[in-house]
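Peer 1: So the protein sequences, as listed, match chains A and B. For the first sequence, position 65 (counting from the first letter as 1) is numbered 65 according to this note's numbering, and the numbering increases by one without interruption. For the second sequence, position 175 (counting from the first letter as 1) is numbered 175 according to this note's numbering, and the numbering increases by one without interruption.
What the hints contain is simulated information worked out from the structure, not anything from laboratory work. By construction, the Cβ of each residue, glycine as well, lies at the ideal position given by its N, Cα and C atoms. Heads up, some of the hints might be wrong.
[To be verified] Facing chain A, from chain B, some residues (calculated, C-beta under 10 Å):
{"hint": "1", "residue": "123"}
{"hint": "2", "residue": "130"}
{"hint": "3", "residue": "134"}
{"hint": "4", "residue": "135"}
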Amino acid sequence: MLRAPRGDRLGPLRNRSRTLPDNLIEVRDVDFSRGDRPIFSNLNLTIERGDVTAIMGPSGTGKTTLLQLITRQLSPDRGQIIVDGVDIATLSQSELYELRKRFGVLFQHGALLTDMSVFENVAFPIREHTRLPNSLVRQVVLTKLHAVGLRGAADLMPAQLSGGMARRVALARAIAMDPDILLYDEPFVGLDPISMGVIVKLVGEISDALDITSIVVSHDVHDVSAVADYCYVIADGDVAAAGTPAELKAASSELVNQFMHGLPDGPVGFHYDAPDYHEQLLGKRSERA
Amino acid sequence: MFRDIYVTFYQFLSTFGAMCLFFLRLLQHTPGVLVKRFGLVSYQIYNAGALSIVIIMVSGLFVGGVLGLQAYSNLERFNAEDTTGIFAGFALIKEIGPVITALLFAGRAGTALASEIGLMKATDQLSAMEMMAINPLSYVAVPRFLGGVISMPLLTAVFTTVGLLGAHLVAVELLGVDVGAYWQQLQSALDMEDVREGIIKSVVFGVVASLLAVWEGYNSIPTAEGVGRATTRTVVITAIAVLVFDFMITAWIL
Chain A
1 MLRAPRGDRL
11 GPLRNRSRTL
21 PDNLIEVRDV
31 DFSRGDRPIF
41 SNLNLTIERG
51 DVTAIMGPSG
61 TGKTTLLQLI
71 TRQLSPDRGQ
81 IIVDGVDIAT
91 LSQSELYELR
101 KRFGVLFQHG
111 ALLTDMSVFE
121 NVAFPIREHT
131 RLPNSLVRQV
141 VLTKLHAVGL
151 RGAADLMPAQ
161 LSGGMARRVA
171 LARAIAMDPD
181 ILLYDEPFVG
191 LDPISMGVIV
201 KLVGEISDAL
211 DITSIVVSHD
221 VHDVSAVADY
231 CYVIADGDVA
241 AAGTPAELKA
251 ASSELVNQFM
261 HGLPDGPVGF
271 HYDAPDYHEQ
281 LLGKRSERA
Chain B
1 MFRDIYVTFY
11 QFLSTFGAMC
21 LFFLRLLQHT
31 PGVLVKRFGL
41 VSYQIYNAGA
51 LSIVIIMVSG
61 LFVGGVLGLQ
71 AYSNLERFNA
81 EDTTGIFAGF
91 ALIKEIGPVI
101 TALLFAGRAG
111 TALASEIGLM
121 KATDQLSAME
131 MMAINPLSYV
141 AVPRFLGGVI
151 SMPLLTAVFT
161 TVGLLGAHLV
171 AVELLGVDVG
181 AYWQQLQSAL
191 DMEDVREGII
201 KSVVFGVVAS
211 LLAVWEGYNS
221 IPTAEGVGRA
231 TTRTVVITAI
241 AVLVFDFMIT
251 AWIL
């Protein structure tokens, strides 16, 4: 699936939203603020059906907020979010819940229900949305747990799991209803290298095996690049760059170059905005005089 | 200063309005929860009610004992110690039983409800339910609310009964009031109107205490500090609300 590279930040992307039939999710001209702080300004991007799309960017740029906008946990101040041809702002509560049945979400820390066992956590959406007999629910749950390698942990409680295991159980729960769209919110944060490798492998395998459209929000350039078909780099409330991982690594933009190669200083400064260092330490000359 | 008063009053009104809407949403989901999720409701009755029984019984016993002591020592001056049962019974059934049960409920079950829901929010469990197309109001909030509402009158009945027994222990067994006089005086003086007053209060306090606990947890700031603050607010606001409603109901009935 070939996409025109979105090029460097700003210019060509602004006010442009493609309407290819393969677009499963379109974010059109979205503005969003938290209080007085603008998060997105005229944001446009598209997610293609069947792709693993990575949303990357420095911390605090609104990557998780974007996921919350796509699932209408938040509403934009302006603009539209189209999911499979439907503007989600127009949906009633029941229609929104019907749409959400097509989503699977892996939260940053798993968000497992702490009063249920691993088995019951994965069975939870199945029991709530279907009338399958217990024997069939058991088979489905064990299948999903087997897919993430934790069939043997079915009887454990969430408090007994490591961070990586909790993330895998949450992934099994996210795919329990065979969703069309899988959203990963920082799936690699805080994991040891082995657990991270397992999650990276699962993201790729699940996407391929179930033909799911996946959106991976992360700032882990290396691991996301290994599984993503297409990447967006978000900074300063807009798409700074977009393209395949290889294209982004070769990008000439200073910001993208800094981000993709993890450089400590560049357009995203090492120092948070502050008054002049010498002035602050030693006081203004006039004051000293 | 006037601006501060205006802002505070405006915030109070907007919070009160939001809470009323939240209450209506709880009521809207109540029939469905009672039909489809009664298991969750019965678990919450156990959680809020059965697990509070020990503190309710111990408190009831000592409050009843104190009432027995006070009633006896004051009525004895007028040679009216046989009416100790009436004094203790009226106080427990109409006022002290419902009020102290509600205050104890706020401290034991209300804080547990608020902190549990607050922690679920802080750890994204409520968001996860939303994303699984499961309304956390009907899965988390309504069963806990109903569990509290159903538990409160039952706990009040336990508190009042044990309180009467505590007063009996002190007045009859320790101070020598005639056992027949104690119970017969109480039975003849008390009528259903008095019991009804106690029942009305316990139901209203159940609604108020459960609503405030669920509201505070559901609207807590999803941080450790936010959950702690929600828990504290649950106790403080419930205590004030219960006393205000107690006055209003008493004034209305009298």
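Peer 1: Next step is simple, just say for each hint if it's right about the structure.
Peer 2: For each hint, the structure was consulted:
no.: 1; hint: 123; result: holds, 6 Å
no.: 2; hint: 130; result: holds, 7 Å
no.: 3; hint: 134; result: holds, 5 Å
no.: 4; hint: 135; result: holds, 7 Å
Against the hints set out earlier in the document, no violation occurs for any number.
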